[in-house]
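Novice: Sequence:
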Amino acid sequence: MLKKVAYVALLVSDQDKALDFYTNVIGLERRIDAPTPSGPRFLTVGVRGQDFEFVLWPGSPAKAELGSAVYTIEVEDCRTAFETLKSRGVTFEPPEVLDFPWGYAARFEDPDGNLLQVREGRGAFRR
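If you read the sequence shown in UniProt numbering, its first letter stands for residue 1, the second for the next number, and so on.
For the record, the hints were derived by calculation from the structure and aren't laboratory data.
It is possible that part of the hints are untrue.
Claimed, not checked - Within a straight-line C-alpha distance of at most 25 Å, the following computed PhoX-like cross-link-like pairs (lysine-lysine) qualify:
id, residue 1, residue 2
1, 63, 17
2, 86, 63
3, 17, 86
Unchecked claim - Derived DEER-like restraints, expressed as beta-carbon distance ranges:
id, residue 1, residue 2, range
4, 6, 62, 17 to 25 Å
5, 74, 96, 18 to 26 Å
6, 8, 80, 21 to 29 Å
7, 122, 16, 36 to 44 Å
8, 98, 35, 37 to 45 Å
9, 4, 122, 19 to 27 Å
10, 37, 124, 42 to 50 Å
11, 37, 98, 39 to 47 Å
12, 77, 39, 36 to 44 Å
13, 39, 71, 21 to 29 Å
14, 76, 37, 37 to 45 Å
Glycine residues also receive a C-beta, built at the ideal position from the N, C-alpha and C atoms.
With these hints in hand, go ahead and build the complete structure from the sequences.
Specialist: Here you go:
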């Protein structure tokens, strides 16, 4: 019956600003940019080679609890991703890579306050 999750909306205040952040800063690829009957563009980004997409949709982002991340992007090497994104102007909170029994994570916000993290699993938690 259920097949897969195709996309999830990231609520953003400005689609163009969000597109710039997610493609030029984070490194996701632009997928779909199409008009809709009601006005806002259907604008998606995703990790190259993966079907799943984020829809950059106009709206007001909700605030999650401090210390949590709502959106997680798996990386090959968390420390390298941390340094690369930091060099592109991403501010991490806390300002270092976190070491957990399952692996590593580095947490940050997009320009609208959506909480994200890059994650590298270790052992059985490596994806």
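Novice: So, for every hint listed, does it hold in this structure?
Specialist: Quick rundown of the hints versus the structure:
Between residue 63 and residue 17, the direct Cα distance comes to roughly 19 Å. Compliance with the 25 Å bound is thereby established for this hinted pair. Note on residue 86 and residue 63: the hinted pairing holds, with a Cα-Cα distance of about 22 Å set against a maximum of 25 Å. With a CA separation close to 18 Å, the supplied pair residue 17 and residue 86 stays within the 25 Å bound. Taking 17 to 25 Å as the suggested C-beta distance range, the pair residue 6 and residue 62 conforms, at roughly 21 Å.
Restraint check, residue 74 to residue 96: a C-beta distance of roughly 19 Å satisfies the suggested window 18 to 26 Å. About 25 Å separates the C-beta atoms of residue 8 and residue 80, a value consistent with the hinted range of 21 to 29 Å. Separation of residue 122 from residue 16 is about 37 Å and conforms to the stated range, judged on CB atoms against 36 to 44 Å. Between residue 98 and residue 35 the beta carbon distance is about 41 Å. The supplied range of 37 to 45 Å therefore holds.
Separation of residue 4 from residue 122 is about 26 Å and conforms to the stated range, judged on CB atoms against 19 to 27 Å. At roughly 46 Å, the beta carbons of residue 37 and residue 124 sit within the given window of 42 to 50 Å. Distance hint for residue 37 and residue 98: a CB-CB separation of about 43 Å, consistent with the stated range 39 to 47 Å. A hinted range of 36 to 44 Å holds for the C-beta pair residue 77 and residue 39, which are about 41 Å apart.
For residue 39 and residue 71, the Cβ-Cβ distance of about 25 Å falls inside the hinted range of 21 to 29 Å, so the restraint holds. For the pair residue 76 and residue 37, the supplied restraint of 37 to 45 Å holds, since their beta-carbon distance comes to about 40 Å.
Consistency with the previously given hints is maintained throughout, with no hint failing.
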